[in-house]
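Colleague: Sequence:
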Amino acid sequence: MSTTTTGFPVALPGATAQTLMWADPHEVQPQALEQLRTVSGLPWVHGVRVMPDVHLGKGATIGSVIAMRDAVSPNAVGVDIGCGMIGVRTSLTASDLPDDLHALRLRIEAAVPVGFHAHDEPVDLARLRPVAGPAGRERLAGHDAFWSRFGGLQGKARTLEDRARKQLGTLGGGNHFIELCVDDDDAVWLQLHSGSRNIGKELAEHHVGVAKQLEHNQGLVDRDLAVFLAGTPAMQAYLDDLWWAQEYAARSRAVMMALVVQAVRDHFADRTLTFDEGVNCHHNYVATERIDGADLIVTRKGAIRAGRGDLGLIPGSMGTGSYVVRGLGNEASYQSASHGAGRRMSRNQARRQFTAEDLAAQTSGVECRKDLGVVDEIPAAYKDLDAVIAAQTDLVEVVARLRTLLCVKG
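Take 30 as the starting number for the sequence shown in this note's numbering and just add one per residue.
What the hints contain is simulated information worked out from the structure, not anything from laboratory work.
Keep in mind that a hint or two might mislead.
In silico DSS-like links for lysine-lysine, alpha-carbon gap of 27 Å or less [claimed, not checked]:
1. K241 to K399
2. K185 to K399
3. K241 to K195
4. K241 to K87
5. K195 to K185
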């Protein structure tokens, strides 16, 4: 194994299957390192790749890429199936923006429900103007065919169609956000981060429960890493539901971006605005990929695909901006990169340590909520984004650095 000028990757000491890290093991939570070792010891694991935003997760570590032979673990994807990012560059420039962005934030919040809220009625897609190029148009088409598959979902989820329809195009809470940013050329970008809402969670939890009961998982060190085996009805049922939830998440982002774009159009009604084709990427998902000469099942949990030429978004936190990147196709990383800065402390730790005044200070210059309800998302709770990018210069190249001016949180 060779390392780059950054010193990465490094092998995780004590791992069973080859586990390469784009992070210093001495700077990673000990619990996360043990979690990675446990994952690497699963008999189906071919290898694990660890991104610089790595931190503790449930079952599988966030910031991990796991390649398995003929098996998949639902918790190696997580409960927010299909969570990801979309970003669109606009024809606006920084000089076009008003000094006070509060009214624009309120307009966006009126268009897109946040937190536990949903639309009163499902969004009428016929009235939306698609954005983000062909992918955006595709995600607003084929609506009837997509929903016709709902009846085939497993467990309690199949009783939640009305809720799922009303949550399509809504943000959720936690680290999900909608932002208005400017790049180094002062071009204005819109970007958002969201997932599959409650329906994805229900599907994931159902299948984790099924997997934990299977005989081949009874002897696992951590049954949160229970797997389905290829060729079984249980695995096919999980994958069918997972593909649906991944598509739901992508469609939801497309609907939200269309709503945000319309809010921006309305706010700048005296201008004719244009929007470039978007950058769109999942970072909690499953794919079958060719690795080391074999077709393996790859799960990315808090990681994006960074194949050569792939565009991706790597956000930081409230107030710290994001990077638009292009993948370099590094096979050593399973052609992957980080999905963000990554947390350096838990939400509970952040709530105990910081105040609303701290949040206001750390988000100075950003139009956003500055109350205790989102203090767990304070920038200091996250790793340094620039350091995370510097650790993966062999995985991605920077296309643009985005500076946050407005941030909507649930």
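Colleague: Indicate, hint by hint, whether the structure satisfies it.
Modeller: Hints, verified against the model:
1. K241 to K399: violated (41 Å)
2. K185 to K399: violated (37 Å)
3. K241 to K195: violated (31 Å)
4. K241 to K87: holds (14 Å)
5. K195 to K185: holds (17 Å)
Hints 1, 2, 3, counting from the list given before, are not met by this structure.
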